[in-house]
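**Student:** Given the sequences, and given the hints that come with them, work out the whole structure.
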Amino acid sequence: MDDQPPILIAYGSLIDKDTISDYFGSQSVKSADVVKVKDYKRIFNTEVTVRDYTGIERAILNAEKSKESEMNAVKIECPSFEDFGRYALREDGYRFRMVGSQVEEVQQNID
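Each residue of the sequence shown is one higher than the one before, starting from 83 at the first, in this note's numbering.
It should be emphasised that the hints constitute simulated quantities derived from the structure, not laboratory data.
All values derive from a computational prediction rather than experimental measurement.
Hints are not guaranteed to be accurate.
[To be verified] Here are the simulated DSSO-like pairs of lysine-lysine, each with C-alpha atoms no more than 27 angstroms apart in a straight line: (1) Lys-123 <-> Lys-147; (2) Lys-147 <-> Lys-157; (3) Lys-123 <-> Lys-112; (4) Lys-149 <-> Lys-123.
[Unchecked claim] Cβ pair distances, simulated, as ranges: (5) Asp-115 <-> Asn-144: 21 to 31 angstroms; (6) Phe-178 <-> Ser-148: 12 to 22 angstroms; (7) Asp-85 <-> Phe-178: 11 to 21 angstroms; (8) Lys-149 <-> Asp-104: 31 to 41 angstroms; (9) Glu-152 <-> Asp-85: 25 to 35 angstroms; (10) Pro-161 <-> Val-116: 14 to 24 angstroms; (11) Met-180 <-> Val-116: 16 to 26 angstroms; (12) Asp-174 <-> Pro-87: 17 to 27 angstroms; (13) Leu-171 <-> Glu-150: 31 to 41 angstroms; (14) Asp-174 <-> Phe-126: 15 to 25 angstroms; (15) Gly-107 <-> Glu-150: 32 to 42 angstroms; (16) Ser-103 <-> Lys-149: 28 to 38 angstroms; (17) Leu-143 <-> Val-188: 15 to 25 angstroms; (18) Lys-120 <-> Leu-143: 13 to 23 angstroms.
Glycine included, every Cβ here is placed at the ideal spot set by N, Cα and C.
**Tutor:** Take a look at the structure:
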């Protein structure tokens, strides 16, 4: 097992600087980069099942494979496994995927 905390490629609510700071600290905001993820696209195509909502239909922003597509995202270096674990608990019900070779840096530092 690798002893380095994971690097996240975020495309939803975690692209917000305040949210990144809340979960991973201000240093993670300073080191976050804008990236392009090849062969993926964003799509609202999954019904909400992990959070309760009433009186309104809601869909979850999802990323799905799509040849010759690309989506922008933010690369975040998690400071520790504990921070990643806290974030993963928030994202209960979602799947994490490995996309390393499909990520291309677009802009250094979102701050």
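**Student:** Mind checking the hinted window 15 to 25 angstroms against the Cβ distance between Asp-174 and Phe-126?
**Tutor:** Holds: the Cβ-Cβ distance is about 19 angstroms, inside 15 to 25 angstroms.
**Student:** That 14 to 24 angstroms hint for Pro-161 and Val-116 (C-beta), does it hold up?
**Tutor:** holds, 20 angstroms
**Student:** Looking only at beta-carbon atoms, does the pair Asp-85, Phe-178 fall within the given range of 11 to 21 angstroms?
**Tutor:** 19 angstroms Cβ-Cβ, so the 11 to 21 angstroms window holds.
**Student:** Does the beta carbon distance between Lys-120 and Leu-143 stay inside 13 to 23 angstroms, or does it fall outside?
**Tutor:** This hint holds: roughly 19 angstroms between Cβ atoms.
**Student:** Does the Cβ distance between Phe-178 and Ser-148 fall inside 12 to 22 angstroms?
**Tutor:** holds, 18 angstroms
**Student:** Given a hint of 17 to 27 angstroms, does the C-beta separation of Asp-174 and Pro-87 actually sit inside it?
**Tutor:** holds, 19 angstroms
**Student:** Has the hinted range 28 to 38 angstroms been met by the Cβ atoms of Ser-103 and Lys-149?
**Tutor:** holds, 35 angstroms
**Student:** Mind checking the hinted window 25 to 35 angstroms against the Cβ distance between Glu-152 and Asp-85?
**Tutor:** holds, 31 angstroms
**Student:** Between Gly-107 and Glu-150, is the Cβ distance one that fits in 32 to 42 angstroms?
**Tutor:** holds, 37 angstroms
**Student:** Does Lys-112 lie within 27 angstroms of Lys-123 when you go C-alpha to C-alpha?
**Tutor:** holds, 26 angstroms
**Student:** Is the distance from the Cβ of Met-180 to the Cβ of Val-116 consistent with 16 to 26 angstroms?
**Tutor:** At roughly 20 angstroms between Cβ atoms, Val-116 and Met-180 fall inside 16 to 26 angstroms, so the hint holds.
**Student:** Take the C-alpha atoms of Lys-123 and Lys-147, compute the straight-line distance between them, and say whether it is at most 27 angstroms.
**Tutor:** With Cα atoms ~6 angstroms apart, Lys-123 and Lys-147 stay inside 27 angstroms; holds.
Comparing the model with each earlier hint shows no violations; every hint is respected.
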